[in-house]
Structure formats: structure tokens, C-alpha cells
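Asks: For reference, the chains in residue letters:
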Amino acid sequence: MEQLLVPMICKIDKVIQETPDVRTYRLKFKEEGLMEKFNWMPGQFVEFSLLGSGECTFCIASSVTRKGYFDCSIKRAGVVTADIHTLLDEGDEVGIRGPYGNWFPLDDIKGKNLLFVGGGIGLAPLRSLIQYCIDNRNDYKDFTILYGARTSADMCYKEEIKEWQENKSLKVILTIDRPEESWTSNVGVVPKILEEVVKPEIANTKVITCGPPIMIKYTIQSLLKLGFADKDIITTLEMKMQCGLGKCGRCNIGSTYVCKDGPVFTNEQLKKLPDEF
Amino acid sequence: MSVETIVTDKAGLQKFYEAIIAKNETYAPVEKFGKYDFKLVKNLSECDPESPIAKTMSAKPLFFPRSAKIMKYVATSAGTDVSETDEDPLAGKRVIVGMKHCDARALQVLDKVYNWDFIDTDYQKRRLNTVVISTRCDKAETHCFCTSLDYDVENLDAMDVLIVNGNDGKVYIKSKSEKGIEFLNSGVTSHTSRVTEEAAGEELKKQYTAFSASFRLKMDYKSINEKLSKIFDTPEFENVSSNCVSCNTCAFVCPTCHCFKISDEKVKDTGVRYKSYDSCNNGYFTLMAGGHNPRPAKYRRWRQRAMHKFVYYKERFGENLCVGCGKCTTSCPVNISIFEVINQVSK
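Same order as they appear, the protein sequences are chains Z and F.
All residue numbers for the first sequence refer to the working numbering, where the first residue is 882 and numbers rise by one.
All residue numbers for the second sequence refer to the working numbering, where the first residue is 9 and numbers rise by one.
FYI, nobody ran anything at the bench for these hints, they're computed from the structure.
You can trust all of the hints, since none of them are fake.
The calculated lysine-lysine pairs, modelled on DSS-like cross-linking and capped at a C-alpha distance of 25 Å, are: (1) F/LYS276 - Z/LYS892; (2) F/LYS235 - Z/LYS1153; (3) F/LYS120 - F/LYS269; (4) F/LYS77 - Z/LYS911; (5) Z/LYS1153 - Z/LYS1141; (6) Z/LYS956 - F/LYS269; (7) Z/LYS1121 - F/LYS77; (8) F/LYS274 - Z/LYS1121; (9) Z/LYS1153 - F/LYS306; (10) F/LYS269 - F/LYS80; (11) F/LYS80 - Z/LYS892; (12) Z/LYS911 - F/LYS80; (13) Z/LYS895 - Z/LYS911; (14) F/LYS235 - Z/LYS1152; (15) Z/LYS1141 - F/LYS133; (16) F/LYS306 - Z/LYS1121; (17) F/LYS31 - F/LYS47; (18) F/LYS322 - Z/LYS1152; (19) F/LYS274 - Z/LYS892; (20) F/LYS269 - Z/LYS1121; (21) F/LYS276 - Z/LYS911; (22) Z/LYS1152 - Z/LYS1121; (23) F/LYS120 - Z/LYS1141; (24) F/LYS322 - Z/LYS1121; (25) Z/LYS1022 - Z/LYS993; (26) F/LYS322 - Z/LYS1141; (27) Z/LYS1153 - F/LYS238; (28) Z/LYS1153 - F/LYS230; (29) Z/LYS1152 - F/LYS238; (30) Z/LYS1121 - F/LYS120; (31) Z/LYS909 - F/LYS80; (32) Z/LYS956 - F/LYS274; (33) F/LYS147 - F/LYS63; (34) F/LYS133 - F/LYS80; (35) F/LYS50 - F/LYS18; (36) Z/LYS1153 - Z/LYS1098; (37) F/LYS120 - Z/LYS1153; (38) F/LYS274 - Z/LYS911; (39) F/LYS269 - Z/LYS1141.
The whole structure should be built from the sequences, with the hints applied where relevant.
Replies: Okay, here's the thing in C-alpha cells:
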């Protein structure tokens, strides 16, 4: 028995169909009392197993401040995620190991303006931090969320975004790549909207971004162009992982283990890594 | 630590081995089709503790099995049950004879990755319960280069008991750890005489000098390590890796490669989850769901392999991940030598 790699069993409490290919699974530990003991920080991830199909890495998409459950938002992308979407429904059981990895630098962002820049399913890891910060709203100054998706149908967390829009203390800006008939918000890719519409304040602002690799690349370029310092740009990396423990070697980039030293990095740290992306 | 050295002759060494095998659960190199692998032995005649490095699999599988069961489970619509697998066959008290210094050193290197942050208790248990007996080689083999790396082969203390075949025809058996002293006093050495370390020291030195003069491959580790850390983008990696067929044999025979994968096998409702060897040379190693792969090309994977062994691991854990045993080179179907690769790219 390889003790470190044995998952705990969770029950699926609720399934939310976010978009045609993204589902959010709301999970609770089966064993009594375990859910209360399960503490995580925004940005950490779990190893999610559908026994028989395999194990995948997903970030925890909800905040520890919302008690009694945790969410994993899963996009149908590969073999196991396709099985998850096809086979798993409310009441089914899955294996969970975690939480693993580092988290968003909560001390650094305290007392700052926050700018979240998300794209597609990349909103999932940000959502954990957004919820955390909303629940501790007094610790932060301006609070801006820029979220883009390919089409309006591809937007995750639609209900929650409505709540965010109604919350007077948040500024929410949405965008889609191409015009649609009933769409009244912005149209255009995220970096363009960032420069032309959001025009963020640079001083005293921390930017937290996540999305598809190509979006992250151009968003970081835009942010640097706007004048942000590397250390104020925080992102979370996607990399193939299996053990989550800094052992199996899959997420090695240079001498860094993304699963242990990451997945959250500042752009300053990213620049020091060998250019493998 | 008091160090005990025992002097005997070839016949005495055979008796020493026989006593070990009679009293302990002993693993030793066993021949099959001209290759050797560490197996549980009951008689000295079954095994050859002096097997050649190039033809012997490393002792790694005794600590990190080729394929290990993580757990068994039953998953039905009624619920899921995870159960313990059978007892770990490698966790008991045991002795390994016939290891070489490169193999012993590899365990010292592997300890670092298994014992940082999350501690692999299974690996640790196997390590703690094992007495490692290592024989110093008399002569370097074709692809050996252990003396060119970042460790002191002569004074290596990664083993519990050291055996040296002196040039004077005598055999020196020396304890290298507390565990080793305890082991030598457990009644396995009744046939032999004990001497002080000074008396044996000179002969051990002579043996080492002759051994270290027999190396065909030599390099300056420090300058290679320095150069490699600066040439991530060299196109030379494409040239050196062009013959590679990505068969992963090098990683499987390597005493320090420790990458693994987790896989499931399920028939109807019951299944087993396994942890088994994997390699960064495998094209699927970093392939993500959705098709993104940071290392799609062979040269990128070879670069990862070379850099991880000679730069990254050193940066992270302070040890070189290659021990210079040459097993990968001997086993490679297209004759790629890691020694030549790193020398070529850092030229």
C-alpha cells in the first residue's frame, strides 16, 4: 500500500452544468467529520479520481469561507474528464487527495486594489480567491473582475456572476470574442478590453490572472505595457501532474516542481524558469 | 562511530556470504539469460555477488518497485470502498549483497526526493529495514564514469558494509554505519579475523588507486555542470537525441530515475490502482488533456533528461542525479551514451 497516494472518498452533492462542456461538481467527504477538518487556501488543488478511469488534477474552485463543501469545475477535455462528464452525477462517489500546492499570496494582496483577469475555465482557480476576498471584503480596496469567454454560452458561473454584478462593491466587466445578437457587454479578446476598457490603476494594484496559455501570454504582455511590475502579476500554471507530492517528476520545470512550488507564481518567478512553454 | 574492519581471504568471503544467506532474508544478483537481477536467494550457488555492473539491473526495484499496488477498491452504484492491498513484500528486515558503489550511492541520492516535504513512508521503511552490502569494483567497465562525478567513490558511506578485494589477495570487510556494525556483530563473521582501520587503510588505498586508474571515461564535472546550466537553448540537443527511439529503457535500468505514473485497472466493479515506472523520454509524459504538450519534440525530452540529471536535481537537492554506472548506455538499443551527450552539448 502506497500510503501517500490513497484517496479519501467524497460524495457528489450537486452537479451544475456551467457551459456545454464545463460542469461544476460540488463535493462533500463521505466520512463523518472530515469535511470540517479539510482546510485549503485559495489556489490549491486536489487530485480527483474517478475510480477505474484515472486521476486528474483540478483546482478547488470555491473558498474555504463557504463552509461544508468544495467545488471542482471540470471541462471536458480528455479521456478521464469525458468519463467524469458521462458517468458522474449527484450521489455518486469519487476519490479525492489533497489539498496540494501553494496558494495565492494572501499577505501580499491585503490592503491592495485587486484586478482579476480570467478567461474561459481559467475563472475556476480565481473564483476560489474571489469568494475568499468577497467574504473578507474590508481587507481590500478596489475590486475589479474582467472575465472573457469565446461566446456567451461559454461563460462559467453565470448565476454567480449576476450576484457579483449586483454587488455594489465590485466592478465586473465581461467580454466575448465575437459579437452576438443579445449581447450588450464588451466584444473583443481579454488583453484588448484590459487596455481599452478597464484601464486599471497601476499603483497599489495586484493582478491575478488565469486562462488558456495563449490568453495568459498576451494578458501579461498587455499588463507590462500598461506599466505593471512583474512581481504584481500573479498567475496559476497549468502543467501535467500526477502525484501532487513533488515525487513523480511530471511537473518539473527546471528545478521547480509546479505541484509543490506552484501552481501559483508571480511573473517575476516565471521569468526565472527555463522557457519550456 | 567505531569502525570495524575484518580481514579474510576469498574462501572466507564465500563463508561470510553463506552465513548471511543462512541467517537473513537476502537479496543478491541472480543470472538469467546472461543478465542479472536482484532476487531473494536461499543458497550462495544461486547467485553471483560479483556480477558485472553493465549486465546487472540496479537494486532500485527493491525500494521503488517496477509496479506497486496503491490500493484495491470496489466501486458500485451503492458506494465505493477502498481497501488495503496485501502486505508490502519489501518492508521486512533484509540484506542486499552484491551491490556496487554506484548503486549504493543512488539510494543516497533518491533519499532526497523521497524525504522532502511529503515523506514517502513506504520507501523509508524499506530503506530502514535494509542492510546494504556493497563491493568496491576492481576495474572500471566500458561505460563507467563514477569517479568523474560529484561524489567521493573512495570514501563513500552510502552503504552499511563495504567489501574490498585487495590486490594482496585478501578481502577487507568494513562497517560503514551503525547498522553495519550491528550487522557484522550478528554472528555472520565468526570465520574471520578483525584488524584496526589503520592496518587495512594502506591496502584499501592501493586498491582504490589501481581501480581509479582503470577508467576509460573521464570528465571535469564542475565545468560540465556549469556549462550545462547556461546552454538550455543549444541546438546540439537535437543532434544528440536524433537516434533516440523513445523506448525508455534508459530510465527503467537507471538506479536514480524515479518518475512514476498512476494507473487504474478495473474489471466490472473491482479495481486496482498501480504506481509504476515512467520516463520523461516518453512522448506522453507531459501531454495534457486537450492536447497541449510542453515537450512534444524528442530533443526537448532529452534536454529535460540530461538537465534534470546534471543540473536541476543538483540545484534542488545538492546531489547529481547521475551516478555514472553506465547501465543506460549499455542497455540503449541505439547506443546513446549519456556521457557523450553531456560532453557533446557542453563542448
